[in-house]
Every structure is written in structure tokens, then in C-alpha cells.
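*Asks:* Sequence:
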Amino acid sequence: DPHKVDRVGALRARQIAVRLARAGAGNSVTVWLGYLPGQETADFVHAEVDGEFWDEGRIGKAVTIPDLSLEGSFIELELASVKWTELLRNGYFGDEKLSWER
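Heads up, the sequence shown is in my numbering, so the first residue is 575 and it goes up one at a time.
Bear in mind the hints are in silico, worked out from the structure with no lab data behind them.
Keep in mind that this is a model prediction, so the values were computed, not measured.
Even for Gly, the Cβ is constructed at its ideal location relative to N, Cα and C.
Pairwise CB distance ranges, derived in the manner of DEER restraints: (1) Glu675 / Phe627: 21 to 31 Å; (2) Glu652 / Thr615: 14 to 24 Å; (3) Leu662 / Gly631: 31 to 41 Å; (4) Lys657 / Glu626: 30 to 40 Å; (5) Gly598 / Thr659: 34 to 44 Å; (6) Gly665 / Pro640: 17 to 27 Å; (7) Thr604 / Gly665: 10 to 20 Å; (8) Glu675 / Asp580: 10 to 20 Å.
With the hints as constraints, model all of the structure from the sequences given.
*Replies:* Take a look at the structure:
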């Protein structure tokens, strides 16, 4: 289900990580989004960039942090138009036609 936090959050975190890497923040970027039960929006966004911890403020100085709400992310990531069977066959990463890779 593309409305679930585990899918939407993972794809949104991927999008932020890709943007940080493309902005030249670092070569190795991992982003974490934390959603509390019953919350519509992420409670936190953190990153590890080349082994260094970044908080939301530092991430926001490097790239624009998108809407982290579940519905906003669903819309902005264009998840309603994703062909899920094809995506599962071909993979989630590396195809710049996918919104979270831009």
C-alpha cells in the first residue's frame, strides 16, 4: 500500500539522500525519517553524510526539505501513478524517471 509510512517514508528519505549527494554534501548519504504512531508528519529527519551526523537544520541548509506528511509525500512522489509490478521487477533505485530519484 503506497499510503503506508514504511513505503512513503523510505522513498521520501531516498529522495532527500539523493538531493544531498547531488548538492555535493557528500558521497555516502543515509537519511532517517521518524514517524510516531498516529502522526501524519515525520517527527524528525536526520542524516549521516560521509560518517557525520546531520540534524534537520543542517540538512535544510544544504537542500530544501520537502513536505514530510504522508499525504503530501504521496502526492509529490506521484505514487498514485507508479506501476508497482514493473517497479518491483526493475527496482526502486537509479531510474531518474522515478520522482524520488530527482
